[in-house]
Amino acid sequence: VKTKDAVMSASETEHTKIVEHATCTFCGCVCDDMDLTVDLRAKRITKARNACVLGRAWFAEHTVEDRPVAMIDGTPCGLDQAIEEAARILTGARFPVIYGLSDTTCEAQRVAVALGDLINGNVDTTTSVCHGPSGIAFQGVGESTATLGEIKNRADLVIYWGGNPAESHPRHFTRYAVTPKGMYIPNGRKDRTVVLVDIRATPSSNAADILIRVKPGRDFELLWALRALVKGRRLAPDIETRTGVDLATLEDLVDRMKRCRYGVLFFGMGLTMTRGRHFNSGAVLALATDLNEFTHFVAKPVRGHGNVTGADNVVSWQTGYPFGVNFSRGFPRFNPGEFTTVDLLARGDADAALFLATDPAANFPKRAIEHMRSIPVITLDPKETATSRLARVAFATATYGINTAGTVYRMDDVPITLRPVLDSPYPDDETILRRIKDRVTELRARRPAAGAPPPSRMFDSRLR
Amino acid sequence: LILIPGRSSKQGTSLTKGKLESEYLEVTSTLEMNPDDMARLGLRDGDRVRLSNASGEAIVVCKGQKPDALPAGFMFIAYGPPSSQLMDADTASTGMPISKQIPVTIEKVQ
Numbered sequence: 001v002k003t004k005d006a007v008m009s010a011s012e013t014e015h016t017k018i019v020e021h022a023t024c025t026f027c028g029c030v031c032d033d034m035d036l037t038v039d040l041r042a043k044r045i046t047k048a049r050n051a052c053v054l055g056r057a058w059f060a061e062h063t064v065e066d067r068p069v070a071m072i073d074g075t076p077c078g079l080d081q082a083i084e085e086a087a088r089i090l091t092g093a094r095f096p097v098i099y100g101l102s103d104t105t106c107e108a109q110r111v112a113v114a115l116g117d118l119i120n121g122n123v124d125t126t127t128s129v130c131h132g133p134s135g136i137a138f139q140g141v142g143e144s145t146a147t148l149g150e151i152k153n154r155a156d157l158v159i160y161w162g163g164n165p166a167e168s169h170p171r172h173f174t175r176y177a178v179t180p181k182g183m184y185i186p187n188g189r190k191d192r193t194v195v196l197v198d199i200r201a202t203p204s205s206n207a208a209d210i211l212i213r214v215k216p217g218r219d220f221e222l223l224w225a226l227r228a229l230v231k232g233r234r235l236a237p238d239i240e241t242r243t244g245v246d247l248a249t250l251e252d253l254v255d256r257m258k259r260c261r262y263g264v265l266f267f268g269m270g271l272t273m274t275r276g277r278h279f280n281s282g283a284v285l286a287l288a289t290d291l292n293e294f295t296h297f298v299a300k301p302v303r304g305h306g307n308v309t310g311a312d313n314v315v316s317w318q319t320g321y322p323f324g325v326n327f328s329r330g331f332p333r334f335n336p337g338e339f340t341t342v343d344l345l346a347r348g349d350a351d352a353a354l355f356l357a358t359d360p361a362a363n364f365p366k367r368a369i370e371h372m373r374s375i376p377v378i379t380l381d382p383k384e385t386a387t388s389r390l391a392r393v394a395f396a397t398a399t400y401g402i403n404t405a406g407t408v409y410r411m412d413d414v415p416i417t418l419r420p421v422l423d424s425p426y427p428d429d430e431t432i433l434r435r436i437k438d439r440v441t442e443l444r445a446r447r448p449a450a451g452a453p454p455p456s457r458m459f460d461s462r463l464r
Numbered sequence: 001l002i003l004i005p006g007r008s009s010k011q012g013t014s015l016t017k018g019k020l021e022s023e024y025l026e027v028t029s030t031l032e033m034n035p036d037d038m039a040r041l042g043l044r045d046g047d048r049v050r051l052s053n054a055s056g057e058a059i060v061v062c063k064g065q066k067p068d069a070l071p072a073g074f075m076f077i078a079y080g081p082p083s084s085q086l087m088d089a090d091t092a093s094t095g096m097p098i099s100k101q102i103p104v105t106i107e108k109v110q
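Those protein sequence lines, which keep their order, are chains A and B.
For what it's worth, this note's numbering labels the leading residue of the first sequence as 1, then goes sequentially.
For what it's worth, this note's numbering labels the leading residue of the second sequence as 1, then goes sequentially.
By construction, these hints were calculated from the structure, which means they are not laboratory data.
Small disclaimer: the values here were computed from a predicted structure and weren't measured.
Yeah, the Cβ is synthetic: ideal placement off N, Cα and C, and Gly gets one too.
Treat the hints with caution; some may be incorrect.
[Claimed, not checked] The calculated DSSO-like cross-link candidates involving lysine-lysine, where the alpha carbons are at most 27 Å apart (straight line), are:
| hint | chain 1 | residue 1 | chain 2 | residue 2 |
| --- | --- | --- | --- | --- |
| 1 | A | LYS215 | B | LYS17 |
| 2 | B | LYS17 | A | LYS47 |
| 3 | B | LYS66 | A | LYS366 |
| 4 | A | LYS47 | B | LYS66 |
| 5 | B | LYS63 | A | LYS43 |
| 6 | A | LYS258 | A | LYS215 |
| 7 | A | LYS43 | B | LYS17 |
| 8 | B | LYS66 | A | LYS215 |
[What the hints assert, rightly or not] Stretches of chain A that chain B covers, calculated by requiring three or more beta carbons in the stretch to come under 8 Å of a beta carbon on chain B:
| hint | stretch |
| --- | --- |
| 9 | 96-110 |
| 10 | 131-139 |
| 11 | 313-321 |
| 12 | 362-369 |
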């Protein structure tokens, strides 16, 4: 009998390479069980075993493209010239913004924070337009948390609220939370009850035993009603008119939540991007905490980009805050609404921007994009994007996880080491950022800007 | 009507191919609607419509969803440049613009 390994190595040839246990960094699931077949001549991944539809596209479409390594104002240039121009822009700016960070390694994120500190700039991540409101809620309410491994092995009641993982995180169901068998869930799917709360029917609805359609914009009211029932309070009879959900359904759900052995509330953008924002996330976290009087219950945000959770972790351990951090006074300050990027751009505060592995010109509000067009922009991205098109300096970069090693955090804060499979002709984000930082250091030493804010005391010994 | 931008599988796979490619631009310009709303407004699959509000406007192509998928008065679109045009930049001091449940006016483009 041939073992799997024997079959694998037998299929390797001079021009084909098999890499096992590689990691997909498309979404926050960060599945690290990919078996990739690489065509070494064509320099592309031809097969990604275990990958979902999004992962297959991620591996198939990240090929070595024929692009210049850098461009200034749309004209191809050398790497040195682009580094020089980027460093000049950041040194001369009075309110530079560094934004993105969620689609690169923790190693590159660390340098991005150090660069933001060095230039007395602003560091913000895509968390601010994702689960930023949940980050605010964590600070206010706290978090009853778990790893996905724990949930896989123990959770018998799984509630998804305001999300459509079947399309956004396809393997969340099959690898972590719904169908897999676990230590205390011997029969997998049969041992779990799955509840989906959303305003619309989605492909995820098919995975649910119980589908609850909440009235749009009434998530907070519904969560607060559940909290009241958990605490034994009686609800006013008009609860169905307010939330779209009848009392019997709510009482049944509360009964299941109290009786389960291990419950989990996964929550998505349906809560953070709508009216109520951090109050909605806070209500989920508070509900999970309340339920711990009766059983074990946890709440987890379902995170989007491959290393957005790493961005939260790195920015937190470097500055003390998870996103929206400003260094203009020489020490980090956190204030969502003031130091978050949509606001900085829409108000016209930022006078230069470095966008690291992100495309805000395709997904920010129109007013923010308009300001982006009026300031010098630097982009680092493996692909050409709407943002790289409007950039003064655009770097083409290697793709993390495919071309670049490093560390990423899965959505449950578990760090995972990447296993690159293909060389890239382009430098990685960390290398470019380090070179920009080194050059900025030289330029600042030579010509300190008049009236510049005091130098930071944060990272003197470690990163400068 | 109320617009709900969100993610879809097609949006995810097409953005990996390239966000300047025609597939991504098509996916993010397709508006899913409740069929009752479409009938009321005299719209058919494939009609071009203009969505507008105080923030901006976008021209997209409409497509009927299953009758129960979307509540009446609600429309879905995959995140992308057209939905950005309709987002207000005000974040109510959170950093997060209201990116789902955006009120818009809809009219057919001849």
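Do the hints match the structure? See the list:
{"no.": "1", "hint": "LYS215(A) / LYS17(B)", "verdict": "violated, 36 Å"}
{"no.": "2", "hint": "LYS17(B) / LYS47(A)", "verdict": "holds, 16 Å"}
{"no.": "3", "hint": "LYS66(B) / LYS366(A)", "verdict": "violated, 31 Å"}
{"no.": "4", "hint": "LYS47(A) / LYS66(B)", "verdict": "violated, 34 Å"}
{"no.": "5", "hint": "LYS63(B) / LYS43(A)", "verdict": "violated, 39 Å"}
{"no.": "6", "hint": "LYS258(A) / LYS215(A)", "verdict": "holds, 24 Å"}
{"no.": "7", "hint": "LYS43(A) / LYS17(B)", "verdict": "holds, 16 Å"}
{"no.": "8", "hint": "LYS66(B) / LYS215(A)", "verdict": "holds, 18 Å"}
{"no.": "9", "hint": "96-110", "verdict": "violated (count 0)"}
{"no.": "10", "hint": "131-139", "verdict": "holds (count 3)"}
{"no.": "11", "hint": "313-321", "verdict": "violated (count 0)"}
{"no.": "12", "hint": "362-369", "verdict": "holds (count 8)"}
Comparing the model with each numbered hint stated earlier shows that hints 1, 3, 4, 5, 9 and 11 do not hold.
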